[in-house]
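Student: Heads up: the sequence lines are chains A and B, in that order.
Each residue of the first sequence is one higher than the one before, starting from -18 at the first, in this note's numbering.
Each residue of the second sequence is one higher than the one before, starting from -18 at the first, in this note's numbering.
FYI, nobody ran anything at the bench for these hints, they're computed from the structure.
Among the clues, some could well be false.
Intra- or inter-copy, both count: the list cannot distinguish identical chains.
[Claimed, not checked] Derived BS3-like pairs (lysine-lysine); straight-line CA-CA distance at most 27 Å:
{"hint": "1", "residue 1": "Lys75", "residue 2": "Lys138"}
{"hint": "2", "residue 1": "Lys182", "residue 2": "Lys66"}
{"hint": "3", "residue 1": "Lys284", "residue 2": "Lys155"}
{"hint": "4", "residue 1": "Lys182", "residue 2": "Lys77"}
{"hint": "5", "residue 1": "Lys99", "residue 2": "Lys75"}
{"hint": "6", "residue 1": "Lys77", "residue 2": "Lys155"}
{"hint": "7", "residue 1": "Lys9", "residue 2": "Lys155"}
Just so it is clear, the structure is predicted and the values come from calculations on it, not from any experiment.
Number of protein chains: 2
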Amino acid sequence: MSVFTTLSLEEVSVWLKDFSIGNLVKLKGIAAGITNTNYFVITDQQKYVLTIFEKHTATELPYFVSLMAHLAKHGVPCPSPVQDKHGIALHLLKGKPALMVTCLNGEDVATPNLAQVKQVASTLANMHLAGESFTETGSNQRAQDWFDSTAQMVMPKLEAQDATLLTSELNYQKGLHVDNLPRGVIHGDLFRDNVLFDGDKLGGFIDFYYACSDILAYDVAIAMNEWCLHHNGSDLGSIDQDKANAFLAAYQTLRPFTQQENTLWLAMLRRAALRFWLSRLHDFYFPPEGELTYTKDPNHFKKLLQQYMHIADNLSI
Amino acid sequence: MSVFTTLSLEEVSVWLKDFSIGNLVKLKGIAAGITNTNYFVITDQQKYVLTIFEKHTATELPYFVSLMAHLAKHGVPCPSPVQDKHGIALHLLKGKPALMVTCLNGEDVATPNLAQVKQVASTLANMHLAGESFTETGSNQRAQDWFDSTAQMVMPKLEAQDATLLTSELNYQKGLHVDNLPRGVIHGDLFRDNVLFDGDKLGGFIDFYYACSDILAYDVAIAMNEWCLHHNGSDLGSIDQDKANAFLAAYQTLRPFTQQENTLWLAMLRRAALRFWLSRLHDFYFPPEGELTYTKDPNHFKKLLQQYMHIADNLSI
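Isolated chain A, as found in the complex:
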């Protein structure tokens, strides 16, 4: 009873008649059982990714489609929605929203090198700049109400020390005055598996389904918390200061921080660590029932958060 939409070669062939992208040669399911249904659609001209949306409502999707189209048009390497002969990208296939996008080259890297880290930073800056001319707004699915309800769920599971830490950081973040921080389009989930590299060259950002309008420096902090770490085998450690410096420099060459952003930078790093500590705690204590799932250690983000809090204490800010 899993939610996964099965498509036949014939169904997709018929559907593709609305498009001008050639004839279907091959259809290949990607990782059965993923959150959405994904297929590689290979025509005699090019390779595409077709997504059938199993969870997003039809009203939520136009934002993501317009955003990817806008960013691609402004030179940000990302999947570009494919329009049919009538200029429409978002379709209904078997009664569900369906979108075809271009397929990017490359694959994700486990241990990014300094050159790759810098490219992520500058591409992120370019994405933020390109977002300035994007007029639609999208709300963050991980906004304050999500912080509140998720914290309420996990709190009874936590040891007293962790509960105190979580409560204190939630209160600290709520008390911040962030109204003057520049806002715009953020990716929101720029983890290693959402950036493709073709050798040392960045192939593109993917998975824009957490993208929304929010604080830009928060997006930078999310990315830094992922890309600028010490790696010990497959384990992630603390912040690698060399990578962090290079990341920030590469980003700020294209979009320098404002005074406000400099002041609240450490707070944004804390917010980003809190965001993923909280979701990891949620996923740890409330994994899908009756499923065999890998559990990612929430403590990585707790340690990052504590590292930042320690720095903040030393700076008395």
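Let chain A serve as the given structure and place chain B on it in line with the hints.
Tutor: Then chain B, alone, in the frame of chain A:
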């Protein structure tokens, strides 16, 4: 960075010296990446299952250990905790709580037949009766606060119609007077994958980690909602009345319902459907981030709930 404890043959051999169960012959990991770490421990005498608890705190576990020992002693087919030479079952292994239990025969069945359904019902009744002499109490991890916080999380994701249905049923359940319903040890999660069959013979109930003190008829309702369905291939349908009648008869032969239980039986079926509709909604909309997970359709339980509400409307209760 998954949480999974690796054990070597040597480590387990050394640890087993505290027990009188023979010499270790083989150690075999079970489904890497499961919620807890599980190993088959095969000695020259018998086969056991060793669980390293990754999530439960050491204070939560004694209840489950005592319960399984109590039920096994009273003839309920279930894993029996293995005590060491000093009479202690719950150990620390690599700093984590560890428990070894006997390994039951059999496997789970996809489409139970009538004979199997009846055995589940009578074994459940025996479990409830055996629980009467169990003096420890365990709190339900899926109690009112879980209903509330989970509903709060999923509500923003729902279409208006579903949000109304969910709210209305939550209120209906909150308004019920259930104080006079018999309470005791419930399994809480008696799904098909938690019952082993050796051919047509029930081998045992497993996975007692949702067991707690709660309303007995609620446990019966959870089981009926799983075991008494029409099956259409791998899809689950509505209640199969023949199976339901046989299930209830088999159960009540051993533990007849009280007047109060008869009165609130339909309400308990609704509560059980609501419980799993809610958790399925949660798992659907908030699966572990960045994971490829199968999603189970929440609508199955919504439909069951609606079926019961329809009956309730017709009975004007």
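Student: If a hint holds in the structure, say so; if it does not, say that too.
Tutor: Here's how the hints hold up against the structure:
| no. | hint | verdict |
| --- | --- | --- |
| 1 | Lys75 <-> Lys138 | between (41 Å within a copy, 22 Å between copies) |
| 2 | Lys182 <-> Lys66 | neither (33 Å within a copy, 61 Å between copies) |
| 3 | Lys284 <-> Lys155 | within (21 Å within a copy, 40 Å between copies) |
| 4 | Lys182 <-> Lys77 | neither (35 Å within a copy, 43 Å between copies) |
| 5 | Lys99 <-> Lys75 | neither (42 Å within a copy, 40 Å between copies) |
| 6 | Lys77 <-> Lys155 | neither (38 Å within a copy, 36 Å between copies) |
| 7 | Lys9 <-> Lys155 | neither (46 Å within a copy, 48 Å between copies) |
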